[in-house]
Amino acid sequence: VTPRYYRGAVGALLVYDIAKYLTYENAERWLKELQDHADANIVIMLVGNKSDLRHLRAVPTDEARSFAEKHGLSFLETSALDSTNVETAFHNILS
Numbered sequence: 001v002t003p004r005y006y007r008g009a010v011g012a013l014l015v016y017d018i019a020k021y022l023t024y025e026n027a028e029r030w031l032k033e034l035q036d037h038a039d040a041n042i043v044i045m046l047v048g049n050k051s052d053l054r055h056l057r058a059v060p061t062d063e064a065r066s067f068a069e070k071h072g073l074s075f076l077e078t079s080a081l082d083s084t085n086v087e088t089a090f091h092n093i094l095s
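Read in the numbering used here, the sequence shown has 58 at position 58, and its numbers run on one by one without any break.
Warning: the hint list may mix true and false statements.
[Unchecked claim] Computed list of lysine to aspartate or glutamate pairs in EDC-like fashion (alpha-carbon distance at most 20 Å, straight line):
id, residue 1, residue 2
1, K32, E87
2, K70, E28
3, K70, E33
4, K32, D52
5, K20, D39
6, K32, D82
7, K20, D82
8, K20, E63
9, K70, D36
10, K20, D62
11, K70, E25
[As the list claims (entries may be wrong)] Now the in silico label distances, taken between C-beta atoms and shown as ranges:
id, residue 1, residue 2, range
12, R57, G8, 29 to 39 Å
13, H55, Y6, 16 to 26 Å
14, R4, P60, 11 to 21 Å
Just so you know, the hints here were simulated from the structure itself, not pulled from any lab data.
Even glycine gets a Cβ: it sits at the ideal position worked out from N, Cα and C.
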């Protein structure tokens, strides 16, 4: 994503797949990019998606929560499949 897409953004969701650890590892790179190019006041939330795939979990919830706390981010797990916490994620990022 080019820096111009960050201009004027008030919030960002860093989304990873709880069943694919590599997607979680990439969150740190995306966070740095946001911090380098977005407004300093942007609200950022780390979101673990596909919580319906708990049986395939590769990213421990506690690990992701610790990462979020370390970087001052909100944290939530969602499921786009069954809509768990999806609305909550968007509501929290905008309020």
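Structure-based check of all given hints:
no. : hint                  : in the structure
1   : K32 to E87            : 26 Å, violated
2   : K70 to E28            : 11 Å, holds
3   : K70 to E33            : 17 Å, holds
4   : K32 to D52            : 28 Å, violated
5   : K20 to D39            : 29 Å, violated
6   : K32 to D82            : 30 Å, violated
7   : K20 to D82            : 19 Å, holds
8   : K20 to E63            : 14 Å, holds
9   : K70 to D36            : 18 Å, holds
10  : K20 to D62            : 16 Å, holds
11  : K70 to E25            : 15 Å, holds
12  : R57 to G8: 29 to 39 Å : 35 Å, holds
13  : H55 to Y6: 16 to 26 Å : 36 Å, violated
14  : R4 to P60: 11 to 21 Å : 35 Å, violated
Going through the hint list in order, the structure does not satisfy hints 1, 4, 5, 6, 13 and 14.
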